[in-house]
Structure formats: C-alpha cells, structure tokens
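With chain A's structure known, arrange chain B on it following the hints.
Number of protein chains: 2
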Amino acid sequence: MNETASLNPEEIHEEVYAMGRQARTAAHALANLHADQKNVILRAMAGELRVQSRQILAANARDLEEGGKNGLTGAMLDRLRLDESRLESVAGGVEQVAELSDPVGEILDERERPNGIRIQQIRVPIGVIGIIYESRPNVTSDAAVLCLKSGNATILRGGSEAIHSNRAIAAALQEGGEKKGLPPHSIQLIPFADRESVKEMASMDRYLDLIIPRGGKGLIETVVSLARMPVIKHYDGICHVFIDEAADLKMGRRIALDAKTQKPSVCNALETLLVHEAVAEKFLPAVAEDLEARKVELRGCPQVQAILGGRVAAADEEDWDTEYLDYILAVKVVDSVADAVTHINRHGSQHTDCIVTSDEENAERFLREVDSACVFHNVSTRFSDGEEFGFGAEIGISTDKLHARGPMALRELTSYQYRVRGAGQVKDPLP
Amino acid sequence: MNETASLNPEEIHEEVYAMGRQARTAAHALANLHADQKNVILRAMAGELRVQSRQILAANARDLEEGGKNGLTGAMLDRLRLDESRLESVAGGVEQVAELSDPVGEILDERERPNGIRIQQIRVPIGVIGIIYESRPNVTSDAAVLCLKSGNATILRGGSEAIHSNRAIAAALQEGGEKKGLPPHSIQLIPFADRESVKEMASMDRYLDLIIPRGGKGLIETVVSLARMPVIKHYDGICHVFIDEAADLKMGRRIALDAKTQKPSVCNALETLLVHEAVAEKFLPAVAEDLEARKVELRGCPQVQAILGGRVAAADEEDWDTEYLDYILAVKVVDSVADAVTHINRHGSQHTDCIVTSDEENAERFLREVDSACVFHNVSTRFSDGEEFGFGAEIGISTDKLHARGPMALRELTSYQYRVRGAGQVKDPLP
Numbered sequence: 001m002n003e004t005a006s007l008n009p010e011e012i013h014e015e016v017y018a019m020g021r022q023a024r025t026a027a028h029a030l031a032n033l034h035a036d037q038k039n040v041i042l043r044a045m046a047g048e049l050r051v052q053s054r055q056i057l058a059a060n061a062r063d064l065e066e067g068g069k070n071g072l073t074g075a076m077l078d079r080l081r082l083d084e085s086r087l088e089s090v091a092g093g094v095e096q097v098a099e100l101s102d103p104v105g106e107i108l109d110e111r112e113r114p115n116g117i118r119i120q121q122i123r124v125p126i127g128v129i130g131i132i133y134e135s136r137p138n139v140t141s142d143a144a145v146l147c148l149k150s151g152n153a154t155i156l157r158g159g160s161e162a163i164h165s166n167r168a169i170a171a172a173l174q175e176g177g178e179k180k181g182l183p184p185h186s187i188q189l190i191p192f193a194d195r196e197s198v199k200e201m202a203s204m205d206r207y208l209d210l211i212i213p214r215g216g217k218g219l220i221e222t223v224v225s226l227a228r229m230p231v232i233k234h235y236d237g238i239c240h241v242f243i244d245e246a247a248d249l250k251m252g253r254r255i256a257l258d259a260k261t262q263k264p265s266v267c268n269a270l271e272t273l274l275v276h277e278a279v280a281e282k283f284l285p286a287v288a289e290d291l292e293a294r295k296v297e298l299r300g301c302p303q304v305q306a307i308l309g310g311r312v313a314a315a316d317e318e319d320w321d322t323e324y325l326d327y328i329l330a331v332k333v334v335d336s337v338a339d340a341v342t343h344i345n346r347h348g349s350q351h352t353d354c355i356v357t358s359d360e361e362n363a364e365r366f367l368r369e370v371d372s373a374c375v376f377h378n379v380s381t382r383f384s385d386g387e388e389f390g391f392g393a394e395i396g397i398s399t400d401k402l403h404a405r406g407p408m409a410l411r412e413l414t415s416y417q418y419r420v421r422g423a424g425q426v427k428d429p430l431p
Numbered sequence: 001m002n003e004t005a006s007l008n009p010e011e012i013h014e015e016v017y018a019m020g021r022q023a024r025t026a027a028h029a030l031a032n033l034h035a036d037q038k039n040v041i042l043r044a045m046a047g048e049l050r051v052q053s054r055q056i057l058a059a060n061a062r063d064l065e066e067g068g069k070n071g072l073t074g075a076m077l078d079r080l081r082l083d084e085s086r087l088e089s090v091a092g093g094v095e096q097v098a099e100l101s102d103p104v105g106e107i108l109d110e111r112e113r114p115n116g117i118r119i120q121q122i123r124v125p126i127g128v129i130g131i132i133y134e135s136r137p138n139v140t141s142d143a144a145v146l147c148l149k150s151g152n153a154t155i156l157r158g159g160s161e162a163i164h165s166n167r168a169i170a171a172a173l174q175e176g177g178e179k180k181g182l183p184p185h186s187i188q189l190i191p192f193a194d195r196e197s198v199k200e201m202a203s204m205d206r207y208l209d210l211i212i213p214r215g216g217k218g219l220i221e222t223v224v225s226l227a228r229m230p231v232i233k234h235y236d237g238i239c240h241v242f243i244d245e246a247a248d249l250k251m252g253r254r255i256a257l258d259a260k261t262q263k264p265s266v267c268n269a270l271e272t273l274l275v276h277e278a279v280a281e282k283f284l285p286a287v288a289e290d291l292e293a294r295k296v297e298l299r300g301c302p303q304v305q306a307i308l309g310g311r312v313a314a315a316d317e318e319d320w321d322t323e324y325l326d327y328i329l330a331v332k333v334v335d336s337v338a339d340a341v342t343h344i345n346r347h348g349s350q351h352t353d354c355i356v357t358s359d360e361e362n363a364e365r366f367l368r369e370v371d372s373a374c375v376f377h378n379v380s381t382r383f384s385d386g387e388e389f390g391f392g393a394e395i396g397i398s399t400d401k402l403h404a405r406g407p408m409a410l411r412e413l414t415s416y417q418y419r420v421r422g423a424g425q426v427k428d429p430l431p
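Note that the protein sequences, when read in sequence, are chains A and B. Read left to right, the first sequence gives residues 1 to 431 (my numbering). Read left to right, the second sequence gives residues 1 to 431 (my numbering).
Please note that a few of the clues may not be correct.
As the list makes no split between identical chains, a pair holds if one copy fits it or if it spans any two.
Straight-line alpha carbon distances no greater than 27 Å define the calculated DSS-like cross-link-like pairs of lysine-lysine that follow [as the list claims (entries may be wrong)]:
#1 K199 / K217
#2 K250 / K427
#3 K179 / K427
#4 K233 / K199
#5 K295 / K282
#6 K233 / K250
#7 K427 / K263
Since the hints were derived computationally from the structure, they do not count as laboratory data.
Next comes chain A alone, as it looks inside the complex (with noise of 0.2 Å):
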C-alpha cells in the first residue's frame, strides 16, 4: 500500500490508539440511537452499496489481480471475489439485520429490595468492538452491521489481500449511514493490514471491549496470545453423532449422510461416527454403503474394520482430534452412552454433538452430560445455526463458555447495565 508503506510502528500506534479513542466516542452515541433510526441507517448502508457498486468491483478488481500476482490459489481468490450477485447479497444482508428486532433496551430483571430502591437489569451495547479477519470481502459488511443494530461502534481489520475491497464497503457504509444521522468513525476500517495493527488492537483495552477473530486456527490463537480484552472465539467444530443401540436405524443413516455430505467445509458438519456396538454388525454396512455413493473416505476403530473390512483405512489417534472439513469421516464402536459421552468430551470441541436414539432417558443423558454448545437429539448437527435455531444472522459460533456460547448473534453482542431507582436511600441513617 504507497498510502502507508512508510509508517513505522510509532505511527501505526499513535494511529490506532486514534481510532480507539473515536470509536469511544462513537460508541456513547450509538447507544443512545434508537432502534428506527438504527433501521434508517442501516437501509440507507444498503443503499449506498448498491450505489457504490462500481468503485467497489473495481476496488476488489485491483485485490484480485493483485492477489493473481502474489501466488493466491484459486479457492483463495474465490473467497476474495466479488461480483454483482454477490454484493446484491451483501446488500441484502444489511437489509435483513434492519429487520431483526433491536435488543438494546430489553429489560432483563426487575426487583424491589425491601428497603425501597428499585434495581432493573437493562440490556445496552457492549461499546467497541474489534473485528480482526482474513479473506472475505463480506465480513467487513457483515460484521459491521450486527455491531451496529446492537448499538456498537466497530474497528475492524481485515486481510492484506482484501483491503482495497473492504476500504471501498466500508466507505460505502460510513458514507451512506451518515447521510442518515450515523455517528462519525462508528465503523472504522484500519487501513494498512500488517501484523502491527494486530498487536495495537490487542493492546488497546482501553478503547476495545472485545476482540472477535474471524478465521482460521492460527489467527484465533495469535489474538489470543496477545489480547488484554476479552476474545471470543470461534475454534473448530470436531462434531459427532452417536448411533445408540435404541436408535430407529434408518433415521440414523439420514441424519449421519446429512450432517457429513450437506456441507462438509463447515463447523457444523460431522466429523467422527459413533456407533454403539449392539447395532454396529447391522448399522456400518447400511451407512457406509450410502456415504461411499458420495465419495466419503472412512478412517475406522478396529471393530468398525473387522466388521466393514478393507474399504476401511485405520484410524489413528489423531484422527479423533480432526476437523477434517472434506469427505472424511472417522468411525468408532463404543460400548454404551457413557463410553460415547467420555469420547466427545475428550476428543470433541464442545461445539455440537448429536445422539440418535428412540430412548428418552439415553437422549436425556447424553444432552445432559455432553459439554458441548450444542446438544442435539434427532436432529442433523447442520442444524447447529444462528438462523436456524431463529435468531437471524449471526456473527459466528462461539466455542467459548463465557457470556456467549453457540450460535453468536444480535443479544450475544450486548451486554448489560443496572439502573437503580430510590428515594435518599443510604446505609447508615445519620444522626
């Protein structure tokens, strides 16, 4: 970037400690904005992205050849294109987020304490936000807009490869909401993209309220490694289904190819079969049979071996701790509902696990002693969705236990205030 290939580490700092202390200020307005004009704000972001439309493509023209240049691969420059169905999409999302009904302002509990004062649990925003994420354009915009329907102010800082496109959404966000009353510097977008600007954000407890990395492994654990505000993260989903030996086996082969062959580059999907060994003679066959007709490798415990034979690779101990994302599935024969609990919970990722059976006290076990996000019975782990649990869009699943676990979406991103209403209350009347 010529713009500031000449900024050394005193300027990046003095930079984004700027951006904090706007984003501050941004945030106490945006708290105090009520939920119409958060809508007309929001509509009015879409609008502007539609406007804007050209200089964006363009902008995420010069990413892409820029990308081409720098060796990316084809899916990577997949992840990074726009076109204009796809930013219609985007635009559409904005729409969607100024739909959702605003949680700003909810009141959580309410209670008169014996001496008179009134104490109400109010839920408000969080105050800043800091995004930090790797290739996808769409996260500017996504990001940005579940931040601000829920009365946050946003930094946020994407991939080198991308920034000229996300300069150019977030342009159009600014500029469109503020023709609308969008406080100043409510979304801000750093500018250069070097791991400097990382450690600035980390730093800046003062200003930031919460970091949300958006990516893979490695950028989750170099933010945590740095941060001195609260991360939530997004970790992998090493996901199981359980075929109990009550289970109807027919809707365990139903929901055993769905959650493995519906989509299998994502965190919901499945990643390692259990089978219970009452059923396993007759359930493996059935259900490698179907997922073999959609190209799914099987790595196997040595009783799913003995009993499927050669089409069956050896699973390793690693392949227990894998989230594959690909038409790879590891299968294991387990004795009971507890052999089957102990797995998840030392090899799973406490993000959803799903048991298939027809015995409400086996299901009730496990969901009760599974410590994941998720439990699920009889349903496909794809299930495992903010929109599809009904909360609208989400801004990721969180794999973490404090304050928002699961499916992260408008409520998980505010917090709360007690407001306490007396008459000269105090703890020792005076003499």
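Coordinates of chain B only, in the frame set by chain A:
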C-alpha cells in the same frame, strides 16, 4: 515451604496441569449433582470447618508468626488473622450459600422452529474456575463454595503469606464434602505460592474455563497479561455522586456523606463529588461542614476553592482518576448533566455512579448515558453490592462488560447450553 522448595518449573508445570485434568473430571461429575446433594455437601463442609477449627487456627498462627518475621504490616497481619469468631463467620457463610437457590438448570429460552425442532437454552455450570487471590484466607472458602453451588470445580491459588491457613481450610472443605459425595478434586488448592504457578494456570486454557483474580490492581494486571482464557476483572471503583441543579440538597448531603464515610475502604465508596454550578454556592458549604466533621479531606477544582476558600486543597488532574479508599474526596463544579456525564465517562471506572435530582428527565438521561455497571438515582453508591441487590453472596463486582457486569453472584458463575430435540430433521431430504 519445605514441602515444595525443591520443585523446579518443570515439576510445577506437571503438578498444576495434573490438577487441571483432575478438575475437569470433577467438573463433569459436579455438573450433574442435584441442588439437594450440593446443599448436603455444603452443610457438611461448614460442619467440618467447625470440627477442624483447632487445626485451622494453628495453621493460621503459623502464617501470622512467619508474617511477623517477614515484616508484614499490622494491617496486613489483620487481614491474615483468623480467630474463633471469624472462622465461625466463614462456616456460617457456607451455610448461607446452601440456602440460596441453585441457578443450574434454569431454562433461559425455549422455542420451536417451523421445521419442528425444539430449542432449549438451559443454564449449566461454567466448568473449572481458577481463583487467584491475596492475603485473606476466608476467600479460600467463600470462593470455593460459590463455585461449588453453581456446579463448578475450582483451582485456588492464594497468597504465600496465607498458605498454611489456606491449606487447612481447603482440606476441611474437601474432607467434609467428600463424606457426603463431593467428587474428588472438586476443590483443589495449589500447595505452593510462587509466581510460576500463576503462569502455569494462566496458560492452561484446556482445563481452566475462567480465571477470577481477587486482589489489587497489580495482581489483576499480571493475570490479564498472561491469561489465555477469559478473566473477569474486579478493578477499582472510582465512584461519583452528581448533585444536580434540581436536587433535594438535604438528600444530596445525606447521600454524599454516606457514600464517602460509611466505609471508605471499599470499591463502592464515593471518590469524586460533582456539583451543578447552579447549586454550588448553597450546597458546597453545607456538605463541606458534614464531611469535615467526619475528618474528610477535600480537594477541589478552582470553583470549589473559590466558594469554600482555604479549607480546600487544589485538586490536580490525577485526583479525578484516583480511587482513594480513604477519608479524601475530590470535588468539582460542573455546568450541566451533560458535563457530569462526560466527566464520569472519562474519569470513572465504570463501576457505580449516582445522580441526586428531583428532575425525572435529568435522572433518566444520566442513567442512560453514564457507561457504568451500576447507575443510581437518589441512592447511596454503597448499595452497589450483591447482597443489597438480593443476589445472596457475591464473588466480587465486575468492572468488565462481557459475561458479568456489576455484582457477580451465582448466576454469573454459570454458562448455558442449547439442547435441541427433533424427530430426524435433516437439511437436505435425501433422494
């Protein structure tokens, strides 16, 4: 400590990580205990504290003796000291926690989707919580039993000066509990107190879901800079009272005096008094008289000095950012509610701030715009407390915005899980 003087960093690592693994196993067992079982365990713990009081007080005497030799101040020795009556209040505190209602299992949200899947959001324990604290040995019991009541395992790491007391208390809790079915390793105390053990805990995000540091700013800063897992911070309280132009001035005097002097050493005590210029000439001499009668030193802005004359020292910029925890009060004249809000949002610590006014509109504006965990209208800041709020015992007052904000009690020691029940739903019906 003779027992551990020979441990090298590698051995400390092994030992702390072994405790982490054991705590994870204990947490899975604890998550499934019924409220009644936990209460029986808690009462047995209280009993055992009483049964073992001789040993606990002897251990405490050893800490006090070593502390005396190591030059601890009188105040430090007093914080460290246990006697029959203090120990009885620790045991009584455990029984009180048994009386509180169990947050685990509460259904937070329930919904059925058009496709028939039923989604339940249910409160579950967090898992394993690390508590890192300083000299008061009662924290060993207070923190462990709040965590236990909410279904969590704890790893405790107290200050070196209280190590014998802490060991004796933790042993009594564990022994008393295990007689009634407490899973082993539910409450573990790190048996040595060097800094290496804090580093190991902070790195152990696989086994520790949360760290809560309880102590001074230095301790919290250290934990924040090292921790890979979420940390909930209880930083200082730079609390404000703002006397509006429409205040009942008698009420204002009463609240200011109570907030400053009823117990100056705590985080919800008043540190800066803001007075609207329209009432400053009338209010300041009166409140100064009250405060001076209680030996409070005033430090004022130039306008305050002009009104009160030589009895008031000049406040400098640092005074607005200081938590005195002492009989000192900073006083400033402001020209509007907006001016008060700006001062508080810039200099406060987002803990607890109060407006005294009879004007509803000013009150609501203040409550809405002050970005603090607790905002009060006509109530002394000293009521910012879990027990005063009706939550029962609290583990602290969080100055964070994520997960827990303000008084942090049992509810805030839990997470949630989505339990989803269906009838074989898949995303793509198979061909």
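So, going through the hints one by one against the coordinates:
1. Taking the closest pair of Cα atoms, K199 and K217 come within 27 Å of each other both inside a single copy (17 Å) and across two copies (23 Å).
2. Taking the shortest alpha-carbon separations for K250 and K427, only the inter-copy value of 16 Å comes in at or below 27 Å, while the best intra-copy value is 66 Å.
3. Taking the closest pair of Cα atoms, K179 and K427 never come within 27 Å of each other, the shortest separation being 50 Å inside a single copy and 41 Å across copies.
4. In this homomeric assembly, K233 and K199 come within 27 Å of each other (Cα to Cα) both inside a single copy, at 17 Å, and across copies, at 21 Å.
5. In this assembly of identical chains, the alpha carbons of K295 and K282 lie at most 27 Å apart only when taken from the same copy (21 Å versus 84 Å across copies).
6. For a Cα distance limit of 27 Å, the shortest separation of K233 from K250 qualifies neither inside one copy, at 36 Å, nor across copies, at 51 Å.
7. Taking the shortest Cα distances, K427 and K263 sit within 27 Å of each other only across copies (10 Å), while inside one copy they are farther apart (60 Å).
The structure shown violates the earlier hints numbered 3 and 6.
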